[in-house]
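The numbering of the sequence shown is full-length UniProt numbering, which starts it at 1 and goes up by one.
These are calculated hints, taken from the structure and not from any lab test. Keep in mind the model is a prediction, meaning the values are calculated, not measured. Positions of the beta carbon are idealized from the N, C-alpha and C atoms, including for glycine. There's no promise every hint is true.
[Stated by the list, open to error] Using 25 angstroms as the maximum straight-line C-alpha spacing, the simulated SDA-like pairs for lysine to any residue come out as follows: (1) K172 <-> G197; (2) K158 <-> S35; (3) K121 <-> K183; (4) K183 <-> S152; (5) K236 <-> V142; (6) K227 <-> A128; (7) K182 <-> K250; (8) K183 <-> K72; (9) K158 <-> A90; (10) K236 <-> P196; (11) K121 <-> K158; (12) K347 <-> G327; (13) K172 <-> H201; (14) K250 <-> D200; (15) K68 <-> Q282; (16) K31 <-> F231; (17) K172 <-> D143; (18) K227 <-> S152; (19) K397 <-> V379; (20) K347 <-> E126; (21) K72 <-> N40; (22) K183 <-> A251; (23) K183 <-> L253; (24) K159 <-> P144; (25) K236 <-> N40; (26) K208 <-> K159; (27) K236 <-> V224; (28) K183 <-> T209; (29) K172 <-> A128; (30) K183 <-> P107; (31) K183 <-> E205; (32) K397 <-> M256; (33) K354 <-> G305; (34) K208 <-> V241.
[Unchecked claim] For each label pair, taking beta carbons as the anchor points, the in silico distance ranges come out as: (35) G214 <-> G327: 56 to 66 angstroms; (36) E93 <-> N326: 54 to 64 angstroms; (37) P107 <-> G342: 22 to 32 angstroms; (38) K172 <-> D228: 28 to 38 angstroms; (39) I164 <-> E333: 25 to 35 angstroms; (40) G327 <-> N76: 45 to 55 angstroms.
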Amino acid sequence: MTEINTIAAHPCFDVKARHTHARVHLPVAPKCNISCNYCNRKFDCVNESRPGVTSAVLSPWQAAEYLKELNKHIENLSVIGIAGPGDPFANPEETLQTMRLAKQAFPEKIFCLSTNGLNLKTYIDEIAALGVTHVTITINAVDPTITSQIYSWVRYEKKIYRGIAAAQLILKNQLECIPLLKKKGITVKINSVILPGINDHHIEEVAKTVSALGADIMNCIPVVPTKDTVFEGIEKPSSAVMSSVRSQAKAHLNLMTHCARCRADAAGLLGQDYQGAYDMLQEFALRPVVPTEDRPNAAVATREGALVNMHLGEADSLYIFKQTANGFQFVEERDTPASGTGDGRWKELAETLKDCRAILVEGVGEKPLKILQASGIRVIQMTGIIDAGLDGVYNGKAIKTVQKADAFKCGATCRGTATGCA
1 MTEINTIAAH PCFDVKARHT HARVHLPVAP KCNISCNYCN RKFDCVNESR PGVTSAVLSP
61 WQAAEYLKEL NKHIENLSVI GIAGPGDPFA NPEETLQTMR LAKQAFPEKI FCLSTNGLNL
121 KTYIDEIAAL GVTHVTITIN AVDPTITSQI YSWVRYEKKI YRGIAAAQLI LKNQLECIPL
181 LKKKGITVKI NSVILPGIND HHIEEVAKTV SALGADIMNC IPVVPTKDTV FEGIEKPSSA
241 VMSSVRSQAK AHLNLMTHCA RCRADAAGLL GQDYQGAYDM LQEFALRPVV PTEDRPNAAV
301 ATREGALVNM HLGEADSLYI FKQTANGFQF VEERDTPASG TGDGRWKELA ETLKDCRAIL
361 VEGVGEKPLK ILQASGIRVI QMTGIIDAGL DGVYNGKAIK TVQKADAFKC GATCRGTATG
421 CA
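Take these sequences, add in the hints, and give me the full structure.
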């Protein structure tokens with residue numbers, strides 16, 4: 001771990017660093033897996049300064065190029081974070097790929113993530129290996145009766161939970177993560193949104209619980225009533241309430257007292273965002289979602305050459321297309337590597353498709369998805385007309401699909417029959 005990777009260089013974890021060290025939040029995680037009654041996510045907002053809003057959403061490759069340019073303009077940019085506008089681990093592929101690319105470009109910088117913690121546990125080993133040193137988890141209560149009043153629903157492993165069941169699930173997952181993060185040497189901050197009449201009397205219990213599990217610092221954030229939310233009519237906590245809450249929490253662990261309620265696309269010093277970031281973000285959002293200089297083609301898993309209608313694991317060959325002045329043109333049919341070699345099959349496929357910027361598939365397993373994305377190939381999961389998918393790849397248009405692929409994903413040895421991909 002390099003010298004810069006310390007709390008003293010992170011403006012959100014050290015009050016002195018806020019005046020000398022800048023941070024950037026890369027908005028690559030639009031989806032969320034819980035519905036907070038105080039939150040309204042906006043992906044094209046320039047007027048509000050709060051979590052959950054951004055003026056654009058970037059792909060991992062757009063974010064990496066944006067970061068390189070931003071680093072030229074912001075002095076002492078020491079922290080690279082992902083905080084939404086949804087949750088990083090409701091978008092794990094985008095989050096991890098962004099971190100990989102950022103780490104390759106800036107290995108000396110601090111890497112941090114802010115999450116609700118619902119889906120964090122699965123990825124702790126991976127984020128630690130990528131060099132993430134700071135993680136923030138939002139925990140608003142440790143009593144399911146209270147938690148159930150704060151969230152409308154929770155989506156976990158493709159199931160929706162509500163009420164007490166949702167509260168018990170999210171609390172279990174959140175609290176399990178704290179000691180696991182600490183075992184990896186990761187600094188843990190807990191954010192708690194103070195909701196008068198709901199959890200303001202309960203924050204000391206939150207502080208006591210998370211401190212016992214190893215959390216390092218806590219941030220008590222007053223709710224700001226937000227339009228079009230369940231809690232839009234909630235009362236904002238008074239200064240006296242916030243002072244009392246913080247005093248109680250401080251008895252158990254250190255407090256962050258300088259929170260700027262950063263947007264998901266914040267860039268610059270806390271409270272002094274770099275003014276050129278908005279225009280720069282818009283520019284990079286219009287760039288290709290993956291590097292395209294040496295990748296003129298796109299691959300398609302298809303049975304007959306007209307529709308995207310095959311799972312990657314069952315495709316013995318792929319159709320290759322390119323864009324021309326006269327539209328999309330078929331290039332060739334290309335064999336895929338034989339099954340039975342595990343990860344080697346997908347690494348070989350990535351090499352076979354090194355001239356392809358994207359692949360259209362009906363479904364894909366988690367292993368091939370990660371391997372192809374890591375090699376710079378955009379994986380689009382859809383069913384429908386090939387040209388509609390290619391229009392999305394080359395022209396950035398919304399993909400019209402017969403079945404919006406919340407794509408079928410299976411394990412590491414799938415052959416298209418729900419048994420995994422090999």
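Results of checking the hints against the structure:
A distance of roughly 24 angstroms separates the Cα atoms of K172 and G197; the hinted pair therefore holds under the 25 angstroms criterion. About 15 angstroms separates the Cα atoms of K158 and S35, which keeps this hinted pair within 25 angstroms; it holds. Between K121 and K183 the alpha-carbon distance is near 13 angstroms, which keeps this suggested pair within the 25 angstroms criterion. The hinted pair formed by K183 and S152 fails the criterion: a straight-line CA distance of about 32 angstroms is larger than 25 angstroms.
A hinted pair counts as satisfied when its Cα atoms are at most 25 angstroms apart, and K236 with V142 qualifies at roughly 21 angstroms. Taken as a hint, the K227 and A128 pair is broken in the structure, with Cα atoms around 37 angstroms apart against an allowance of 25 angstroms. Taking the CA atoms of K182 and K250, the gap is about 20 angstroms. The hint holds against a cut of 25 angstroms. Using a Cα cut-off of 25 angstroms, the hinted pair K183 and K72 is violated, with the two alpha carbons roughly 35 angstroms apart.
Of the pairs offered as hints, the one joining K158 and A90 holds, with about 11 angstroms between alpha carbons and a cut-off of 25 angstroms not exceeded. For the hint pairing K236 with P196, the CA-to-CA distance comes to about 7 angstroms; that is within 25 angstroms, so the pair holds. Restraint check: the Cα-Cα separation between K121 and K158 comes to about 16 angstroms, which is no more than 25 angstroms; the hinted pair holds. Restraint check for K347 and G327: the C-alpha separation of about 30 angstroms exceeds 25 angstroms, so the hint is violated.
Distance restraint check for K172 and H201: the Cα-Cα separation of roughly 21 angstroms lies within the 25 angstroms cut-off, and the hinted pair is therefore satisfied. As the CA atoms of K250 and D200 are separated by approximately 14 angstroms, the hinted pair is consistent with the 25 angstroms bound. Only pairs whose Cα atoms come within 25 angstroms are accepted, and K68 paired with Q282 is accepted, the gap being roughly 15 angstroms. Of the pairs offered as hints, the one joining K31 and F231 holds, with about 21 angstroms between alpha carbons and a cut-off of 25 angstroms not exceeded.
For the proposed pair K172 and D143, the alpha carbon gap of about 11 angstroms is at most 25 angstroms, so the pair holds. This hinted pair checks out: K227 and S152 have alpha carbons roughly 16 angstroms apart, not beyond 25 angstroms. Distance check on the hinted pair: K397 and V379 sit about 16 angstroms apart at the alpha-carbon level, within 25 angstroms; holds. At roughly 19 angstroms between alpha-carbon atoms, K347 and E126 fall within 25 angstroms of each other, so this suggested pair holds.
For the hint pairing K72 with N40, the CA-to-CA distance comes to about 33 angstroms; that exceeds 25 angstroms, so the pair is violated. About 24 angstroms separates the Cα atoms of K183 and A251, which keeps this hinted pair within 25 angstroms; it holds. Between K183 and L253, the direct Cα distance comes to roughly 18 angstroms. Compliance with the 25 angstroms bound is thereby established for this hinted pair. A distance of roughly 19 angstroms separates the Cα atoms of K159 and P144; the hinted pair therefore holds under the 25 angstroms criterion.
Restraint check for K236 and N40: the C-alpha separation of about 16 angstroms stays at or below 25 angstroms, so the hint holds. Note on K208 and K159: the hinted pairing is violated, with a Cα-Cα distance of about 31 angstroms set against a maximum of 25 angstroms. This hinted pair checks out: K236 and V224 have alpha carbons roughly 6 angstroms apart, not beyond 25 angstroms. For a cut-off of 25 angstroms, the pair hint linking K183 to T209 stands: about 17 angstroms separates their Cα positions.
The straight-line distance between the Cα atoms of K172 and A128 is roughly 21 angstroms, inside the 25 angstroms bound, and the hint therefore holds. Only pairs whose Cα atoms come within 25 angstroms are accepted, and K183 paired with P107 is accepted, the gap being roughly 22 angstroms. With a C-alpha separation of about 23 angstroms, the suggested pairing of K183 with E205 holds against the 25 angstroms cut-off. With a C-alpha separation of about 43 angstroms, the suggested pairing of K397 with M256 is violated against the 25 angstroms cut-off.
At most 25 angstroms may separate the alpha-carbon atoms for a hinted pair to count; K354 and G305 meet this at roughly 21 angstroms. Restraint check for K208 and V241: satisfied, since their Cα atoms lie roughly 18 angstroms apart, inside the 25 angstroms limit. A beta carbon spacing of about 58 angstroms between G214 and G327 agrees with the range 56 to 66 angstroms that was offered as a hint. Between E93 and N326 the Cβ separation comes to about 34 angstroms, which falls outside the hinted range of 54 to 64 angstroms.
Taking the beta carbon of each, P107 and G342 are about 29 angstroms apart, inside 22 to 32 angstroms as hinted. In this structure the supplied range 28 to 38 angstroms holds for K172 paired with D228, their Cβ-Cβ distance being about 30 angstroms. Distance hint check for I164 and E333: the Cβ-Cβ separation is about 54 angstroms, which falls outside the suggested range of 25 to 35 angstroms. Restraint check, G327 to N76: a C-beta distance of roughly 49 angstroms satisfies the suggested window 45 to 55 angstroms.
When held up to the earlier numbered hints, the structure conflicts with 4, 6, 8, 12, 21, 26, 32, 36 and 39 and fits the remainder.
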